[in-house]
Amino acid sequence: MTWNWNYVVESLPAIFQGMWITLGLTIACYLFAMLFGFVWTFVRRIPWRPLQMIIAFIMEFIRSTPPLVQLFFLYYAWPMVPYVGLTLDPITVAIIGLGVHFSTYIAEIYRSGIESIDKGQWEAATALNLSLKDKWTKIILPQAIPPTIPMLGNYLIIMFKEVPLTSTIGVAGMLHMANNFGSKNFAYLEPLTLVAVFFLVMSYPTAVLFRKLEQRMNRRFDKNNPTGKIDKGVVT
Amino acid sequence: MAKPIAVYNDVHKSFGEVEVLKGIDLEIAPAEKVALIGPSGSGKTTIIRMLMTLEQPTSGTIVVDGQYLWHMEKNGELVPANEKHLRQVRGDIGMVFQHFNLFPHMSILENCMVAPINVKGVPKKEARQRSVEMLEKVGLGDKLDDYPSQLSGGQKQRVAMARALVMRPKIMLFDEVTSALDPELVGEVLEVIRDIAREGEMAMVLVTHEMDFARDIADRVVFLDEGRIAEQGTPEQVLENSESERLNSFLSRFRS
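As you go down the protein sequences, you meet chains L and D in turn.
Quick note, our numbering runs 655 ahead of the 1-based positions in the first sequence.
Quick note, our numbering runs 3 ahead of the 1-based positions in the second sequence.
Think of the hints as simulated: they come from the structure by calculation, not from any bench.
Ideal Cβ placement from N, Cα and C applies to all residues, glycine included.
Among these hints, one or two may not hold up.
Facing chain D, a subset of chain L residues (Cβ under 8 angstroms, in silico) [to be verified]:
#1 Q776
#2 A779
#3 L783
#4 N784
#5 L785
#6 D789
#7 K793
#8 I794
#9 P797
#10 Q798
#11 P802
#12 T803
Derived PhoX-like pairs: lysine-lysine, alpha-carbon spacing no greater than 20 angstroms straight-line [claimed, not checked]:
#13 L/K790 / D/K87
#14 L/K790 / D/K123
#15 D/K123 / L/K788
#16 D/K140 / D/K6
#17 D/K128 / D/K140
#18 D/K173 / D/K123
What follows is a set of in silico ranges between Cβ atoms, one per label pair, in the way DEER data are often shown [as the list claims (entries may be wrong)]:
#19 L/V736 / D/K87: 53 to 61 angstroms
#20 L/W777 / D/Q91: 18 to 26 angstroms
#21 L/R704 / D/G144: 45 to 53 angstroms
#22 D/Q91 / L/E770: 40 to 48 angstroms
#23 D/S155 / L/R718: 42 to 50 angstroms
#24 L/M872 / D/E76: 41 to 49 angstroms
#25 D/T61 / L/P860: 52 to 60 angstroms
#26 L/S858 / D/D198: 23 to 31 angstroms
#27 D/D215 / L/L690: 52 to 60 angstroms
#28 L/K788 / D/T61: 25 to 33 angstroms
#29 D/K25 / L/T720: 47 to 55 angstroms
#30 D/P107 / L/F671: 44 to 52 angstroms
#31 L/R718 / D/D198: 53 to 61 angstroms
Bound conformation, chain D alone (with noise of 0.2 angstroms):
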């Protein structure tokens, strides 16, 4: 395995009493995708809200592209991140989550176009063009100018995932994003991502509740059970062919 974009050390996350990771070691490799599975409280979630730095891991460490993020290195000694260490770590990640998030109040190239400019300092003429050219690629050529509660779901988590790409991350988060849609919208979004997918270059990690999808893009499935990875595979290995009781009890439940 090449060396890897992001590793997992130990990693414990406790919300007050409660711990919900207990201690996850997990690599991914530059370009790989990963498909988190699990019943929800499982962890899923935090384990990628930590990579993105929502929350703070409770203990242990995350090293993105050879650099700490919670920690950084002074006088030899690991101390916590400041503010300044985690932008930096940061910009090579990017997140589309479950509830869109857009900025209702610009309309959709504006939010695509937001932080291109102010956080990479992309001049506005380019961040413009790199902007269109993504809304057109997530289909949404035409909606430029709308603002996102002219939208549907689907033409939302589009517009998210636009924005997201803009900033050309070198991982890409993706936080159960078609959990929050009619079913019928569900299509349209397996399908973007996909096609990012294929481009290839860029690792995706992705929380999800699409067995099928999992199967059809991920080069590794992950299943996580009470805080801990119970298992990790093919998606051949861990979807069909497992043996643990657990795997196969929550399989079961998407199998009609």
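Pulled out of the complex, with its shape left as it was, chain L reads as follows (with noise of 0.2 angstroms):
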């Protein structure tokens, strides 16, 4: 078997199909993890123990279960569960189930995040009389979310990389189209090699940009250090 690329070339429109509901499936489920990530972590804080067990149980629970396993019990389980049992389309499920599985690792981002500020900034807004929700927006919040933007940025090209498993509950996305493209041919070097070197092409850059974006997070906090580089031997 050789490679041939006049095939590559027949395969390009299927997988190019395939990429725009991976991408797009990649940016839902993240908007829903970073969105649900806040609401773990708010309802973390609040301080009554029962609660802060049980909704560690749920995270605990989450995290140490295959998301491929997720998957399937919300695509073929759910449904049939008495009373609160819904039937879902594949991509709602592909969004809720990846989604839910890595917002309790970015909700544990955002927690290290909060926790690294020093508990004097909390006890200066205090002392200026500010309000709980300015505490938060305008002190807390803006020194903690820059630390975490590599993190944050790890997870969206993990999770662009889980998406294919979404193919096995049937989301037509490039795995799938390249992998049926190539059941119709009797030949699968082509696609699945397109495939992987699609992935690899849009990881990098992702990579690059959020070191980017760091660095000019850095930046604005820190005028003595105009190339936003973390340099820990810096006196502050």
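Two independent chains are provided; combine them into the complex using the hints.
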């Protein structure tokens, strides 16, 4: 079997079609996970022990089960659950399933960002009599978010690479389309290679973009450091 | 003595099993300058942190300008204060911290402007003007757009004072504000505090280890020992003419 460039060109339309689904789904899952991550983070901060324990347990449960199992459960088993069962289309299942799964990791990132802020910042905000809302939006979050950007970027790339899991429940993403195209012609080498190359071509620039974004955020905070690169040796 | 601006009434504070304050009774008059001195662990910082609502007393009451701080009256009974009540009462109080606690993501001008604008609803232009004036007063009029990371410790502490003063508190609390500074920077910070004290109207409570400074600006010096007020009086009475053995052994450490 040899590499056939004509076949590569023939397979492109199908793969492109799938690529848009994969990209759109990645962004939808990611936004869902970022928003839902906030929900976990703030519910966990409610100072009521039983609630904190329940939330911690649920998060641990979601994190400790494979996303593929969660997708299968939501798609095949959920409709059979009495009273609360619902039949959802594959795209919705994909967004909720992957979104919720990764929201538990993203919540952890938010938490580490928030906890990295010195207690003195809260105290100064209290001493100035800022409202709870202003403490969060003007003092804590603007400092807590920038250092988490590289980690959030990593998760975008990880999610992007997990999205092909959804082909198992029939979402016609890039992998799905390439596989179908290959099986029609009994030749998988070119379409599947293309899929791998496309994933690489999109992941790498995203990683670079997030690095740039982080530097820009740092620069905003520190005019002494025009490159924005973090140098832990600088005396603050 | 005029109607006091702050009154501590049998205030106790425990951290877990350890009781750091064992019944504090203290009155602070408007415009009075009080220096709190004492060995470390004697509870002096805790006293002002409770007034700033950063620590809650275990028991006892604190009254600020006629209003309970940590309690509110409901159907004739005292119940624990909610955040709304705390916000209302603590508006009269400002604080400067040992470690400055400037907001690193804001320029020093923004550090000063954030509270007047968001807490008191001062128009942006006026907040800016007030902040600039205050920063000029502490000698930093040429650094308005600098960020805290660009300043020395002494400059940071002066910004922190300007930031608190812009809110025009009736009581200012100073928590060992020179302890984290290099020795050569202590003077510039004390000089600013002296200026503020001279202006008069505001009550000031200073936790300090600078005895000469305390003697210089305080109307009253309060010596704390093991969670109790052991001695108090004018600087001359406490720092020079006391017969208390504990106090004199404490003071001897500051004499060279």
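Okay, the hints, checked on the actual structure:
{"no.": "1", "hint": "Q776", "result": "6 angstroms, holds"}
{"no.": "2", "hint": "A779", "result": "4 angstroms, holds"}
{"no.": "3", "hint": "L783", "result": "4 angstroms, holds"}
{"no.": "4", "hint": "N784", "result": "5 angstroms, holds"}
{"no.": "5", "hint": "L785", "result": "6 angstroms, holds"}
{"no.": "6", "hint": "D789", "result": "5 angstroms, holds"}
{"no.": "7", "hint": "K793", "result": "6 angstroms, holds"}
{"no.": "8", "hint": "I794", "result": "6 angstroms, holds"}
{"no.": "9", "hint": "P797", "result": "5 angstroms, holds"}
{"no.": "10", "hint": "Q798", "result": "5 angstroms, holds"}
{"no.": "11", "hint": "P802", "result": "12 angstroms, violated"}
{"no.": "12", "hint": "T803", "result": "14 angstroms, violated"}
{"no.": "13", "hint": "L/K790 / D/K87", "result": "15 angstroms, holds"}
{"no.": "14", "hint": "L/K790 / D/K123", "result": "15 angstroms, holds"}
{"no.": "15", "hint": "D/K123 / L/K788", "result": "15 angstroms, holds"}
{"no.": "16", "hint": "D/K140 / D/K6", "result": "30 angstroms, violated"}
{"no.": "17", "hint": "D/K128 / D/K140", "result": "18 angstroms, holds"}
{"no.": "18", "hint": "D/K173 / D/K123", "result": "15 angstroms, holds"}
{"no.": "19", "hint": "L/V736 / D/K87: 53 to 61 angstroms", "result": "44 angstroms, violated"}
{"no.": "20", "hint": "L/W777 / D/Q91: 18 to 26 angstroms", "result": "20 angstroms, holds"}
{"no.": "21", "hint": "L/R704 / D/G144: 45 to 53 angstroms", "result": "51 angstroms, holds"}
{"no.": "22", "hint": "D/Q91 / L/E770: 40 to 48 angstroms", "result": "30 angstroms, violated"}
{"no.": "23", "hint": "D/S155 / L/R718: 42 to 50 angstroms", "result": "46 angstroms, holds"}
{"no.": "24", "hint": "L/M872 / D/E76: 41 to 49 angstroms", "result": "47 angstroms, holds"}
{"no.": "25", "hint": "D/T61 / L/P860: 52 to 60 angstroms", "result": "58 angstroms, holds"}
{"no.": "26", "hint": "L/S858 / D/D198: 23 to 31 angstroms", "result": "59 angstroms, violated"}
{"no.": "27", "hint": "D/D215 / L/L690: 52 to 60 angstroms", "result": "58 angstroms, holds"}
{"no.": "28", "hint": "L/K788 / D/T61: 25 to 33 angstroms", "result": "30 angstroms, holds"}
{"no.": "29", "hint": "D/K25 / L/T720: 47 to 55 angstroms", "result": "54 angstroms, holds"}
{"no.": "30", "hint": "D/P107 / L/F671: 44 to 52 angstroms", "result": "46 angstroms, holds"}
{"no.": "31", "hint": "L/R718 / D/D198: 53 to 61 angstroms", "result": "57 angstroms, holds"}
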